[in-house]
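Under numbering that gives the first Met the number 0, residues 0 to 242 are what the sequence shown spells out, in order.
Careful, some of the hints might be misleading.
Unchecked claim - Think about it this way: if two alpha-carbon atoms lie no more than 27 Å apart in a straight line, the pair counts; the simulated DSS-like pairs of lysine-lysine are:
id : residue 1 : residue 2
1  : LYS235    : LYS50
2  : LYS177    : LYS220
3  : LYS208    : LYS50
4  : LYS208    : LYS23
5  : LYS186    : LYS23
6  : LYS235    : LYS220
7  : LYS23     : LYS177
8  : LYS50     : LYS177
9  : LYS186    : LYS208
10 : LYS208    : LYS220
11 : LYS220    : LYS186
The hints are simulated quantities; they were obtained by calculation from the structure and are not laboratory data.
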Amino acid sequence: MYDLAQFSDDDMYDCALSLRNLDKGCRNIEDIAERTVRYLYENLVDRQTGKSACALVRFFMTCPFMELSEELQLAARTLVGGRNVASTTKCLTLISTAGDEPQWNFRQQSSGHQAIPLLDRDFVSRAPMISQLIHQFGLDISTVLEPDPEILVDLEQTTFNVFYIPEAAGSAHIPAQKEFVTPYQIKSVLGFGGMLPSGNLFAIILFTKTPISPEVAELFKWISAYVRISVASLDKRAIFAGR
0 MYDLAQFSDD
10 DMYDCALSLR
20 NLDKGCRNIE
30 DIAERTVRYL
40 YENLVDRQTG
50 KSACALVRFF
60 MTCPFMELSE
70 ELQLAARTLV
80 GGRNVASTTK
90 CLTLISTAGD
100 EPQWNFRQQS
110 SGHQAIPLLD
120 RDFVSRAPMI
130 SQLIHQFGLD
140 ISTVLEPDPE
150 ILVDLEQTTF
160 NVFYIPEAAG
170 SAHIPAQKEF
180 VTPYQIKSVL
190 GFGGMLPSGN
200 LFAIILFTKT
210 PISPEVAELF
220 KWISAYVRIS
230 VASLDKRAIF
240 AGR
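Given these sequences and hints, build the entire structure.
Quick look at the structure:
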């Protein structure tokens with residue numbers, strides 16, 4: 000286990016290697032996503048309380064609308080008021096989740112986050128956390144919406160910045176302040192991920208009860224690189240178990 004408040008270089012190396020090897024025996028993206036969020040939730044701790052330093056850990060990935068199940072397609076359409084969603088539209092899809100509340104451990108019980116259609120640049124720009132995440136990853140929104148095959152190789156090799164909000168309370172980039180940030184005492188938000196060979200983007204987001212320093216946030220750039228290797232090994236396979 001790692002004390003998130005005192006996360007060190009040695010912790011970073013050990014955590015990165017552990018996450019890199021989680022793909023063994025996995026058959027789809029959901030398998031590796033579940034292992035990853037569970038490992039982070041259980042191993043990033045607050046030494047003072049002995050409990051998880053994270054209130055919630057989530058693994059998202061962009062997926063074409065046509066590759067989603069009927070249930071997720073319905074969730075996507077519902078989220079945009081029944082508007083037509085093109086078959087190739089990228090949807091930011093919740094693949095796995097782990098957290099303090101029982102319902103936060105089942106992606107099917109998420110309300111409003113199961114599949115978010117990224118309809119166009121304007122739609123994404125009006126979703127503060129999503130647009131900021133893409134920006135801090137060093138990507139252009141158009142790259143996520145319509146990846147150019149000619150630049151995908153370069154993007155895969157990029158070491159992405161982390162998505163980092165040092166103070167979640169009052170942040171314009173973190174919605175649901177009254178419903179989530181305040182009651183669950185969320186101190187910081189940290190996201191990391193990268194572009195996969197398929198052109199899909201994955202992102203792991205930590206909502207922490209422990210403040211994260213800029214120095215600790217910087218270390219997660221390296222963890223991101225190792226996790227990407229693990230996730231990429233299952234890219235272009237089935238996304239969800241049973242499909």
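Hint check:
1. With a CA separation close to 36 Å, the supplied pair LYS235 and LYS50 exceeds the 27 Å bound.
2. For the hint pairing LYS177 with LYS220, the CA-to-CA distance comes to about 30 Å; that exceeds 27 Å, so the pair is violated.
3. Between LYS208 and LYS50, the direct Cα distance comes to roughly 10 Å. Compliance with the 27 Å bound is thereby established for this hinted pair.
4. Simply put, LYS208 and LYS23 have alpha-carbon atoms about 31 Å apart, too far for the 27 Å limit, and the pair is violated.
5. With a C-alpha separation of about 33 Å, the suggested pair LYS186 and LYS23 falls outside the 27 Å cut-off, and the hint is violated.
6. At most 27 Å may separate the alpha-carbon atoms for a hinted pair to count; LYS235 and LYS220 meet this at roughly 24 Å.
7. Of the supplied pair hints, the one linking LYS23 and LYS177 is violated, its CA atoms being roughly 40 Å apart against a limit of 27 Å.
8. At most 27 Å may separate the alpha-carbon atoms for a hinted pair to count; LYS50 and LYS177 meet this at roughly 23 Å.
9. For the hint pairing LYS186 with LYS208, the CA-to-CA distance comes to about 5 Å; that is within 27 Å, so the pair holds.
10. Distance check on the hinted pair: LYS208 and LYS220 sit about 20 Å apart at the alpha-carbon level, within 27 Å; holds.
11. Distance check on the hinted pair: LYS220 and LYS186 sit about 20 Å apart at the alpha-carbon level, within 27 Å; holds.
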